[in-house]
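Got chain A sorted already, so can you dock chain B onto it with the hints?
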Amino acid sequence: MCGVCGCSSESAHRHDEAKHKRLIEVEQNLLADNNTYAARNRILFGRRGIFALNLVSSPGSGKTTLLVQTIKNLGDAFPIAVIEGDQSTDLDAERIRATGVEALQINTGRACHLDAQAISQALGGLRLPESGALFIENVGNLVCPASFDLGEAHKVVVLSVTEGDDKPLKYPDMFHAADLMIINKVDLLPYVSFDVQRCIDYARRVNPDIEVKQLSATTSEGMEPWLAWVRAGVLRAALQRPNNATKYHYVSA
Amino acid sequence: MHELSLCQGIVRIIETQAKQHGFSAVRKVRLDIGALACVEQDALSFGFTAATKGTVAEGAELAFIVSPGHAWCPACSQRVEVKTRLDSCSTCGAWLMPLPGGDEIKVKDLEVD
Numbered sequence: 365m366c367g368v369c370g371c372s373s374e375s376a377h378r379h380d381e382a383k384h385k386r387l388i389e390v391e392q393n394l395l396a397d398n399n400t401y402a403a404r405n406r407i408l409f410g411r412r413g414i415f416a417l418n419l420v421s422s423p424g425s426g427k428t429t430l431l432v433q434t435i436k437n438l439g440d441a442f443p444i445a446v447i448e449g450d451q452s453t454d455l456d457a458e459r460i461r462a463t464g465v466e467a468l469q470i471n472t473g474r475a476c477h478l479d480a481q482a483i484s485q486a487l488g489g490l491r492l493p494e495s496g497a498l499f500i501e502n503v504g505n506l507v508c509p510a511s512f513d514l515g516e517a518h519k520v521v522v523l524s525v526t527e528g529d530d531k532p533l534k535y536p537d538m539f540h541a542a543d544l545m546i547i548n549k550v551d552l553l554p555y556v557s558f559d560v561q562r563c564i565d566y567a568r569r570v571n572p573d574i575e576v577k578q579l580s581a582t583t584s585e586g587m588e589p590w591l592a593w594v595r596a597g598v599l600r601a602a603l604q605r606p607n608n609a610t611k612y613h614y615v616s617a
Numbered sequence: 015m016h017e018l019s020l021c022q023g024i025v026r027i028i029e030t031q032a033k034q035h036g037f038s039a040v041r042k043v044r045l046d047i048g049a050l051a052c053v054e055q056d057a058l059s060f061g062f063t064a065a066t067k068g069t070v071a072e073g074a075e076l077a078f079i080v081s082p083g084h085a086w087c088p089a090c091s092q093r094v095e096v097k098t099r100l101d102s103c104s105t106c107g108a109w110l111m112p113l114p115g116g117d118e119i120k121v122k123d124l125e126v127d
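Protein chains in written order, with the working numbering: chain A, 365 to 617; chain B, 15 to 127.
None of these hints come from the bench; they were simulated from the model.
Don't take each hint at face value.
[To be verified] Keeping only pairs whose Cα atoms sit at most 30 angstroms apart, straight-line, the calculated DSSO-like set for lysine-lysine is:
1. A:K385 / B:K33
2. A:K385 / B:K122
3. B:K33 / B:K122
4. A:K385 / B:K67
5. B:K97 / B:K122
[Claimed, not checked] Here are a few chain A residues that sit away from chain B, every Cβ distance over 10 angstroms (derived from the structure):
6. S452
7. E466
8. L603
Since the model is a prediction, treat every value here as computed from it, not as a measurement.
Note that CB positions come from ideal geometry on N, CA and C, so glycine has one too.
With the rest of the complex left out, here is chain A (with noise of 0.2 angstroms):
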């Protein structure tokens, strides 16, 4: 095959251009643009000692509830920052401001979920959490969110008893892309038919490594292993901050 038309004749020939194909090999990841932005983004979190955390699930699992009440336990252990993802409207990062701590708020807009671009342009917006958790509210869906990195050191995906213990094979892909399935309303088990053993033999059929935490962010019943996780990758982070002795400056809640 002719190297440079990709034509069948072995021998020397003109290349008109006009009348002669090419074929051009590229073998490019269609998502390299999103994945050098969220390698951009992760060396930043690295550079300011950030834990930083992308939360998934469906609409109406209790995200933002679940923030509120981690940043009332946390608040004042160490700084913490919100990105909001939704569609539309900055109420869920009104909610998250009413507890004293920086939010901002991305709006979407069609979009059905947030891109490692979005986030890096949020940063230049926010006054960065150095030493500390940021946490991205991404957008309520379980299905596209799983495709983007967005620098983050783990995806924590959310799901509440109220959906159905089916929902990790249904939603296989953010599943196996989160490191934390976290099981919210526990406090409804007696009212909904939903199996709890089961729910996490599903997620581990898609993830086996998947960690899981079953807690309810509104009695707070099961919160402290939940916080106790953050507490350690914030320390963690800060301790790989480089040259972090004197900026560290973790409290002990």
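Below, chain B alone, put in the same frame as chain A:
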């Protein structure tokens, strides 16, 4: 509908290639899609038509090469091909352990004028 975002990614890749290789029209774009990638081919085709309007790739054909994903069967101790994350072992029916990969979405090559 994140497929539209992905198609905008395709257009950016094509435009960079057009500058590098100096072509003015694209006849065919071949995508290499892992079977476990979180994309819908129909949605990609739809998004591709919209995203390529007014670009060098307008009117180009979008073709797919789907490569299988892989998983590990703990019962048979072997690597097996899978089409979804929920597939069981085709030999023994056991649950499978996921293996990395199989979820890539790449522009493989372009047929250009």
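Need the status of pair K97 (chain B), K122 (chain B): alpha-carbon distance at most 30 angstroms? 20 angstroms, holds
Does the claim that E466 (chain A) lies off the interface hold, with its Cβ farther than 10 angstroms from every Cβ of chain B? Label holds. Min Cβ-Cβ 27 angstroms, cutoff 10 angstroms.
Within 30 angstroms, alpha carbon to alpha carbon, are K33 (chain B) and K122 (chain B)? 18 angstroms, holds
Checking one constraint from the list: CA of K385 (chain A) to CA of K122 (chain B), max 30 angstroms. Satisfied? 16 angstroms, holds
Taking C-beta pairs only, is L603 (chain A) more than 10 angstroms away from all of chain B? 28 angstroms, holds
Pairwise hint evaluation, K33 (chain B) against K385 (chain A), where the allowed Cα distance is 30 angstroms at most: 17 angstroms, holds
K385 (chain A) and K67 (chain B) were given as a pair; does the straight-line alpha-carbon distance stay at or below 30 angstroms? Cα-Cα ~21 angstroms, so holds.
Can we trust that S452 (chain A) is non-interface, i.e. its beta-carbon lies farther than 10 angstroms from all of chain B? Correct as stated: the minimum Cβ-Cβ distance to chain B is 16 angstroms, above 10 angstroms.
Violation of the numbered hints given earlier is absent; every hint is satisfied by the structure.
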